[in-house]
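Here is how the chains run, residue by residue.
4 protein chains.
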Amino acid sequence: MSSNSFGKLLTVTTFGESHGPAIGCVVDGCPPGLEIAAEEFAHDLQRRATGKSRHTSARREADEVEILSGVYEGRTTGTPIALLIRNTDQRSKDYANIAQQFRPGHADYSYWQKYGIRDPRGGGRSSARETTMRVAAGVIAKKWLAQRYGVRVRGYLAQLGEIAPQGFDWNAVEDNPFFWPVAEQVPELESYMDALRKSGDSIGARVNVVADGVPAGWGEPIYGKLDGELAAALMSINAVKGVEIGDGFAAVTQKGTEHRDLMTPQGFLSNHAGGILGGIATGQQITASIVLKPTSSLRLPGQTVDAGGQPVEVVTTGRHDPCVGIRATPIAEAMMALVLMDQALRHRAQCGDVGQVPPRIPGDVRPGQADG
Amino acid sequence: MSSNSFGKLLTVTTFGESHGPAIGCVVDGCPPGLEIAAEEFAHDLQRRATGKSRHTSARREADEVEILSGVYEGRTTGTPIALLIRNTDQRSKDYANIAQQFRPGHADYSYWQKYGIRDPRGGGRSSARETTMRVAAGVIAKKWLAQRYGVRVRGYLAQLGEIAPQGFDWNAVEDNPFFWPVAEQVPELESYMDALRKSGDSIGARVNVVADGVPAGWGEPIYGKLDGELAAALMSINAVKGVEIGDGFAAVTQKGTEHRDLMTPQGFLSNHAGGILGGIATGQQITASIVLKPTSSLRLPGQTVDAGGQPVEVVTTGRHDPCVGIRATPIAEAMMALVLMDQALRHRAQCGDVGQVPPRIPGDVRPGQADG
Amino acid sequence: MSSNSFGKLLTVTTFGESHGPAIGCVVDGCPPGLEIAAEEFAHDLQRRATGKSRHTSARREADEVEILSGVYEGRTTGTPIALLIRNTDQRSKDYANIAQQFRPGHADYSYWQKYGIRDPRGGGRSSARETTMRVAAGVIAKKWLAQRYGVRVRGYLAQLGEIAPQGFDWNAVEDNPFFWPVAEQVPELESYMDALRKSGDSIGARVNVVADGVPAGWGEPIYGKLDGELAAALMSINAVKGVEIGDGFAAVTQKGTEHRDLMTPQGFLSNHAGGILGGIATGQQITASIVLKPTSSLRLPGQTVDAGGQPVEVVTTGRHDPCVGIRATPIAEAMMALVLMDQALRHRAQCGDVGQVPPRIPGDVRPGQADG
Amino acid sequence: MSSNSFGKLLTVTTFGESHGPAIGCVVDGCPPGLEIAAEEFAHDLQRRATGKSRHTSARREADEVEILSGVYEGRTTGTPIALLIRNTDQRSKDYANIAQQFRPGHADYSYWQKYGIRDPRGGGRSSARETTMRVAAGVIAKKWLAQRYGVRVRGYLAQLGEIAPQGFDWNAVEDNPFFWPVAEQVPELESYMDALRKSGDSIGARVNVVADGVPAGWGEPIYGKLDGELAAALMSINAVKGVEIGDGFAAVTQKGTEHRDLMTPQGFLSNHAGGILGGIATGQQITASIVLKPTSSLRLPGQTVDAGGQPVEVVTTGRHDPCVGIRATPIAEAMMALVLMDQALRHRAQCGDVGQVPPRIPGDVRPGQADG
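Residue numbers (the numbering used here), protein chains in the order written: chain A, 3 to 374; chain B, 3 to 374; chain C, 3 to 374; chain D, 3 to 374.
I should point out that these hints are in silico values taken from the structure, not numbers from a laboratory. Hints are supplied without guarantee of correctness; some may be wrong.
Note: identical chains are not told apart, hence a pair may lie in one copy or across any two.
[As the list claims (entries may be wrong)] With a cut-off of at most 20 Å between alpha-carbon atoms, the simulated SDA-like pairs for lysine to any residue come out as follows:
#1 K145 x E42
#2 K200 x E260
#3 K257 x Y194
#4 K257 x H57
#5 K257 x E192
#6 K200 x H57
Take the sequences, apply the hints, and build the full model.
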């Protein structure tokens with residue numbers, strides 16, 4: 003299968019370069035009958051968009067989605083849904099000076115090593131512009147999951163460099179350009195980012211993403227594990243260097259009695275597992291956390307080599323986010339939603355349908371299960 | 003594709019339950035002509051084996067591999083290689099009392115929710131016994147990678163609860179039952195484990211795994227990224243709750259100037275990236291780190307429910323490791339080797355062959371590259 | 003995906019050489035809860051078995067199936083079902099003389115060209131012995147299709163060289179070693195085969211296979227078409243050189259008014275389409291027809307070359323069927339059943355479940371359809 | 003994997019409806035460095051185009067290909083190549099009257115049964131308009147195969163109803179609108195088609211497609227067989243009801259001594275096998291033949307039912323070819339080329355590269371083979 007596709011039953015194939023004529027995707031396997039309109043993509047694309055605030059890069063893209071196929075009279079028909087976005091704010095000359103140089107920490111070098119040829123304009127295929135189409139595809143998955151199973155996928159910025167949230171409030175998250183869960187800290191973040199931008203440097207971040215309402219039983223054993231697929235999906239986001247499920251690396255120092263989630267007829271007493279055991283959902287909240295490295299595209303000079311193997315100093319003058327983690331929240335949500343929808347379809351293929359209300363604890367009746 | 007298979011060109015399909023008649027795997031896509039004998043599996047299987055020391059579970063399996071197909075006169079023929087191991091030390095009655103109960107923190111519950119039926123003997127399919135076949139398959143991948151490209155994959159225990167290595171020596175790793183890189187600390191580990199075992203509790207751990215000699219260019223963009231596939235492969239190992247590539251979560255607090263790996267004609271000046279940029283190998287050492295949660299199978303009682311939804315207290319009396327991380331090193335190596343071999347085959351399919359000596363820096367000649 | 007696997011959700015991976023220690027398969031994706039016992043494989047394996055009558059090859063295999071995994075207390079658990087058959091009647095020395103020669107019309111030569119190495123014993127992996135495992139896997143698919151949807155898959159020999167059936171009676175098919183649908187013609191077939199065997203030559207054949215009760219809607223558009231997948235599955239059977247759906251090649255000379263199947267509220271008036279339109283089942287009987295070439299393994303000498311490129315005359319002295327088509331009926335049934343079960347699972351993943359009674363005509367109620 | 007995708011390493015994903023805004027495809031896995039320009043698609047698209055002559059449907063599409071991605075400065079970069087064609091000659095109202103009726107012999111009914119919703123405009127996704135993108139993708143495959151391995155794929159109309167070619171000349175094929183290999187018969191075909199069109203009826207046809215220069219060794223065993231994949235690819239073309247490799251159904255009545263292709267140091271003495279043994283190329287010409295049913299879209303009235311299950315008479319007034327087989331030649335070529343390129347990449351992944359000159363007979367040196 004194409005490495006530009008993912009998903010087994012709900013498949014997403016993306017294409018397009020940062021400064022090519024367009025980017026797009028083909029979403030296949032969506033159940034028929036889902037209402038979807040071009041306008042519905044705007045909200046999440048806007049959340050992800052460059053130029054949303056002064057804290058992200060200055061590229062301004064309309065990100066207008068055209069639905070090319072798979073939707074008839076406002077409803078999905080079961081055939082592939084192709085979405086297209088024209089690139090409008092291309093400034094290829096910004097990148098002319100790096101066409102023959104390899105920016106340290108960037109995919110320029112590894113793409114060149116692999117293919118012997120690369121599109122240097124804005125990172126070409128390796129640009130985070132590709133994630134626009136993940137977010138677009140994720141809109142479909144989020145909607146279907148919500149309508150069909152009441153599943154809700156949400157994320158937030160959980161750390162910005164050394165700054166950690168002092169509290170937590172879902173309501174705050176969408177009210178600031180950082181997806182930060184504590185309104186009071188927003189001014190602090192703004193000062194931090196302003197100073198960082200002035201310095202020419204960048205910073206890492208952590209993003210958390212969770213899903214509520216996932217029915218127990220979604221996921222598959224061994225190599226199709228829900229956490230394994232989440233790990234792949236989240237790690238595939240540009241700049242991500244680590245993925246945790248549940249307690250993640252904190253479990254290194256935990257005792258078994260501390261980590262295991264005890265169960266009662268009223269439900270689990272804790273959720274260290276992040277809602278997944280043996281690769282299969284338990285019915286609890288699914289929780290994942292990722293780290294995004296500080297962007298490598300800096301205007302502070304750095305040692306590197308050119309295509310001829312000669313030493314050069316590189317300075318990146320294009321438009322780049324000083325913290326790519328800020329805009330990663332909707333991307334991480336999209337990836338989790340796409341993985342969940344794919345697993346949902348796979349689950350009902352093998353095990354029948356679980357109905358719309360997820361069971362909470364074993365005693366519950368699970369209609370349709372194990373009927374072959 | 004089957005969720006009990008992984009890999010695109012080098013595919014591994016495993017089967018078998020912990021206390022069923024046998025476990026096995028089918029390795030397909032291996033190039034023809036590789037010499038392989040049944041005896042060659044013994045070393046890594048022994049490294050992974052239960053019963054290797056008093057610090058791991060007391061189950062004793064011969065783990066004798068029978069090659070059922072794909073090898074003729076000692077060499078692979080290009081057809082599927084089936085490997086079979088009979089289970090010999092089954093004690094199903096150990097598990098009779100938990101057939102109707104769900105051990106907290108264990109896949110018992112989620113499997114039951116998914117399938118409405120489960121094999122309770124030793125965890126059935128969800129048991130870490132399945133990883134035996136990953137290690138067996140990994141033996142083939144390790145050998146091919148070493149012979150064909152000089153790639154070497156190795157791992158070690160990088161943390162045991164609160165204990166971290168005080169130094170590092172590859173030579174120490176294979177000389178103690180913990181895969182610990184500092185010989186002097188082994189007595190401390192032994193005391194710790196003895197006390198832990200007596201307490202009835204278990205502990206988490208961290209395992210690092212690295213690959214040397216990986217040619218720049220292996221890996222694929224977007225959803226076939228080398229780090230994305232490593233994340234999925236490593237997260238699919240039982241008890242793993244997090245995966246890091248390179249600096250991993252440490253990058254949350256790093257600046258861009260700190261994280262980016264500068265390049266010179268003599269090579270990279272650091273390796274925060276873990277040898278992967280944009281999903282593609284840079285020619286540096288590939289580094290990954292995983293966390294293994296403390297095992298949930300404890301003889302200390304815990305609250306749970308039974309299949310009827312009633313509250314019960316569960317005590318697990320079977321044979322279980324107090325630290326599953328100890329035996330995870332060869333498993334993590336196997337998974338990394340399998341991912342690398344698969345990517346190697348995919349790379350030469352699309353881009354031709356890179357030859358046996360990996361290039362270090364752009365100026366190097368890369369024969370066969372970009373010839374279509 | 004492995005080329006020794008097929009199916010998307012119900013996957014079958016086979017392994018094993020004709021004269022290796024064993025052959026086997028892994029069937030994954032089967033819904034949980036299906037009752038299955040080792041004895042249930044005997045019937046179809048016996049139908050396919052060599053040595054069933056004097057008209058097929060004299061190799062005598064017990065073909066005893068061992069279930070290695072995926073079944074607990076007589077029911078499938080949803081985990082991979084591994085089936086193993088030990089080869090017992092190996093006579094490798096029969097093939098010693100052809101190890102360095104390429105039998106004309108046989109895969110000896112092409113395997114050698116591909117891999118540069120081959121297992122010459124009985125054709126190794128290219129032997130029709132591999133089809134034993136298809137039949138075994140097909141037993142599971144047939145049973146599930148029958149129980150869950152009332153689908154029945156059956157085949158028969160539709161032509162033996164120049165001899166065509168003079169009539170048709172399903173009841174006759176299983177009462178003679180040829181799967182011939184006209185009891186009165188059996189003596190004629192026996193005489194024909196006796197003479198053929200004496201002559202040392204072989205003959206081609208046609209096998210028809212049909213499925214009744216397939217619900218309208220199974221199948222997928224474009225590259226996942228039901229007829230496209232049947233074509234691949236049937237063409238993959240050893241010696242098959244052509245596949246037809248419905249009227250097949252007869253449609254070359256048909257007019258549109260003759261070919262199109264008119265519809266009435268009571269149902270279709272004909273079935274030229276073979277129950278498939280646009281790759282999707284119409285609810286009518288699915289019909290397919292295949293040609294099996296005459297076997298190339300003859301004791302009549304033939305010109306060929308050896309591994310050194312020198313001309314030689316080859317005589318095949320092993321045990322071979324003079325008409326491989328005779329035993330192909332259960333194999334073709336198995337392949338059709340496996341394709342249908344896979345499509346059934348895929349259909350309910352995307353479109354929900356159609357219930358057990360297939361709709362006949364549009365006015366019918368189709369429960370669960372288009373509910374997303 | 004998406005059912006709107008095919009190929010394992012060279013993957014093609016198509017999207018778009020007959021009368022939607024656009025059709026397109028994403029071709030992934032193409033080696034880097036291949037020169038390709040938008041103009042290169044014109045030739046084969048023109049060969050396939052509706053409106054090429056009065057003998058095909060009157061729809062007139064510019065079929066202008068826009069390359070959206072994957073090509074930089076005229077060469078492929080190894081990233082996905084997206085191709086887009088805007089639909090310009092949509093006449094949706096032509097189809098308004100059949101939105102609630104099911105044309106007999108058409109996918110209207112089966113799509114409706116599957117999805118419960120369908121785009122009725124010109125057959126929507128089931129329209130042969132989709133094949134435009136196959137032809138476009140095929141242009142890339144043809145070019146790569148020719149440049150890299152000297153492989154050439156060509157087809158011709160081999161029968162039109164009862165009319166069979168009286169001779170054979172490749173030079174004639176491209177000089178008439180029928181792809182007919184005998185120039186002298188073209189007037190006869192024209193008269194036949196004129197009469198047919200007047201009658202309002204349609205006719206079936208046979209198309210042959212062959213590949214020269216395919217290296218021995220391409221193809222894979224068992225379920226990845228070259229002939230199996232050709233069968234799937236060709237059967238997936240609209241209106242195809244049968245596929246033959248080599249002698250195809252003629253083998254039903256052949257003796258083994260007649261069918262087997264004898265070998266000499268100078269090469270094979272015949273090619274009944276169609277260049278494939280055991281699913282793997284022998285180095286001979288690959289030959290395949292397909293039947294295309296007469297189109298079901300007729301202006302002669304036919305009995306059918308409507309969406310309410312009521313009987314109606316349907317008359318199709320849109321623009322339809324009286325013989326869809328005429329335009330199928332470039333489509334069949336494209337499908338064969340795509341299958342071959344995919345197998346070529348897979349072969350060099352597992353077995354190394356065979357070089358550009360295909361070996362003819364065993365004595366030949368095969369560089370790079372079996373080197374692992």
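Checked hints:
Within a single copy, K145 and E42 get their C-alpha atoms as close as 10 Å, which meets the 20 Å cut-off; across copies the closest is 41 Å, which misses it. In this assembly of identical chains, K200 and E260 lie within 20 Å of each other by CA distance solely across copies; the values are 17 Å between and 45 Å within a copy. Taking CA atoms no more than 20 Å apart as the test, K257 paired with Y194 passes between copies only; the shortest distance there is 13 Å, against 37 Å inside one copy. When the C-alpha separation of K257 and H57 is checked against a cutoff of 20 Å, the pair qualifies only between copies, where the shortest distance is 16 Å, while the shortest distance within a copy is 41 Å.
Proximity of K257 to E192 under the C-alpha cut-off of 20 Å is restricted to the inter-copy arrangement: shortest distance 17 Å between copies versus 39 Å within a copy. Proximity of K200 and H57 under a CA criterion of 20 Å is satisfied intra-copy only: 11 Å inside one chain copy versus 54 Å between copies.
The structure agrees with every numbered hint stated previously.
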